[in-house]
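2 protein chains.
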Amino acid sequence: MVGNTIHSIEQNKLPEEFKIITIDSLEDVANSISTMIIRGAPAIGAMGVFGLAQAIHNMDKPNEEKIIKVRDILFKTRPTAYDLQHGLDYVMSKILSESDPDAIKRIARDSAQSYVDASAEACRKIGVYGDTLIKDGDKLLTHCNAGALATVDYGTALSPMRIAHENGKNIFVFVDETRPRLQGAKLTAFELHQEGINHAVIADNAAGFYMARGEVDMVITGTDRVAANGDVANKIGTYEKAVVAHENGIPVYIAAPISTIDFTCPTGNDIPIEERDENEVLDVNGLRVASQGSSALNPAFDVTPAKYITGIITEQGIFNPGELKKINQGGDSDIG
Amino acid sequence: MVGNTIHSIEQNKLPEEFKIITIDSLEDVANSISTMIIRGAPAIGAMGVFGLAQAIHNMDKPNEEKIIKVRDILFKTRPTAYDLQHGLDYVMSKILSESDPDAIKRIARDSAQSYVDASAEACRKIGVYGDTLIKDGDKLLTHCNAGALATVDYGTALSPMRIAHENGKNIFVFVDETRPRLQGAKLTAFELHQEGINHAVIADNAAGFYMARGEVDMVITGTDRVAANGDVANKIGTYEKAVVAHENGIPVYIAAPISTIDFTCPTGNDIPIEERDENEVLDVNGLRVASQGSSALNPAFDVTPAKYITGIITEQGIFNPGELKKINQGGDSDIG
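As given, the protein sequences belong to chains A and B, one line each in that order.
When the first sequence is numbered by my numbering, its final residue is 336 and no position is left out of the sequence of numbers.
When the second sequence is numbered by my numbering, its final residue is 672 and no position is left out of the sequence of numbers.
Read the hints as simulated data drawn from the structure, not as lab findings.
There could be a bad hint or two in this list.
Said to hold, decoys possible - Here are the computed lysine-lysine pairs in the DSS-like style, where the Cα-Cα straight-line distance is at most 30 Å: (1) B/349 / A/13; (2) B/471 / B/349; (3) B/643 / A/307; (4) B/475 / A/307; (5) B/461 / B/405; (6) A/139 / B/471.
Only chain A is shown next, with the shape it has when bound in the complex (with noise of 0.2 Å):
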């Protein structure tokens, strides 16, 4: 955010073009986040506590009723990822017992910027928490992108393998494609090579073959929401993942933020599975690659049942997901 204009990388263009995007109004940063221009949970909630300090900025005489109509708009732009709430609730947070609209504004600026301070600086913890857990010479999988893009910097489930990188360890990253949207071979594959990470694009459909064979060391992938027993919903196929990790006796670790657990939701049924257009599926780049007179169904995220889940790396260490209500959610970040 510099002054009152939100600056954004469009990351739906990428990697074919790498193109900072201006946002200067509430309906532009929904959209951004509805059409995924902007997309990944902590990138979401970054998105969504600029957009909220911005349109606050913009209003004649800020009050309770018209934030909070800013809050739902924005609220509604995606469902699933809980940093957006997280996010939201706590710039609100700051600035509800204020009324004066001078106060308002410079409060909801400060406290959206150290919302995502914070978040770039757990998103550093969990790479230097996760990098305990690679070994030099091992082989990951990773689904979707929860790298640099998707977040403030660092990323989450990339944060561990840069961290490793950085640290002198030889890995290997087998990168799911991630259909339909194929985040996985379009931004992860980047920023894996901008890193210089050793890497390869596969079919999502490859990473069993892989496991079976015992290539993979283990699983890491971000997160949307994990809720309070441990459960997580994350990018449609990390279900499937876990379970044939599982089976054949890999670890999985799910990184994300404290931001990113929403204590408030018991288990992952509770969680809302966002549906997406279903032209998603059907089309690829925007050219029709299915049999016409066919339908699609295009659910966005799955849920992975805690039993699957090996650990949680978060800022404030790595947790079994069944021992989560262990956290600190007062936090050791300003967005504990």
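Dock chain B against the given chain A, drawing on the hints supplied.
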């Protein structure tokens, strides 16, 4: 085969274009298989035997040395589908005791035709047996294309669905799009639409989502080779679907003519797995979708261990994968 010319649907043009290709040379036969103009285990077998008969017809004086050379060229076009070897062996067994050139030509052609006719009849019977497993209202899931296009008629995995539909059962089919080559979205969806069978294309990643929700009653796929112990090689991703189905208590059936069972192959570990060009993953319909600078790995098949398979539907009935030895290899058909 009309006269000495082979006619076949050009499958890699579907669903955009329905085109019949005419094939007059050994080079074109081999090329049609290796580039997947013709694909699907039984269809590959049919093309192989017709190609062998055609090449023998075109020989000046067919003899064992020349015929074995042709056989070897055809055999090497694709390594995983056992029907190819089985069909070639069948025709070879009929001609190698002959020495009269005209008799060799006639017998090669007749035995190729009877092999293909028996293959079509086997597929029809697979449908009749498979139909007994399907209840009115069932929701089925299939992977890749094992329909009429992959065989000579009826298909293998799609044959029970066709017969159930003909018998008035109301069924619904989840069609895995089947990356990287999208045979599900392109070919299976095309066939089901033609037949008026209710279906929806899904990203391969979404199969587990619907299984976990209890919305899949049965998985039916084809196979490229069944080992003697009941392990099954099929299109990449079949293994993942079978493991996740098994985890959810969903029966997994493999539909295959006896000609796809390789009784000389002890286990799935002994089945050769084809690795195909990385551009099948990096590109879609010839357009690059993955990030530049990244490479891909592209195993075309995987092996599903027998323990995940409920039954193998053949033209002799439905067998537990552990009891394939009960099958009459002499068979009740000419290609048994």
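Hints versus structure:
Proximity of residue 349 of chain B to residue 13 of chain A is assessed by CA-CA distance (about 29 Å); at most 30 Å being required, the pair is judged to hold. About 35 Å separates the Cα atoms of residue 471 of chain B and residue 349 of chain B, which puts this hinted pair outside 30 Å; it is violated. This hinted pair checks out: residue 643 of chain B and residue 307 of chain A have alpha carbons roughly 22 Å apart, not beyond 30 Å. A threshold of 30 Å between alpha carbons decides the hint, and for residue 475 of chain B with residue 307 of chain A the separation of about 27 Å falls inside it, so the pair holds.
Restraint check for residue 461 of chain B and residue 405 of chain B: the C-alpha separation of about 35 Å exceeds 30 Å, so the hint is violated. Among the hinted pairs, residue 139 of chain A with residue 471 of chain B is inconsistent with the structure: their alpha-carbon atoms are about 44 Å apart, more than 30 Å.
The structure fails hints 2, 5, 6 (numbered hints given earlier, in ascending order).
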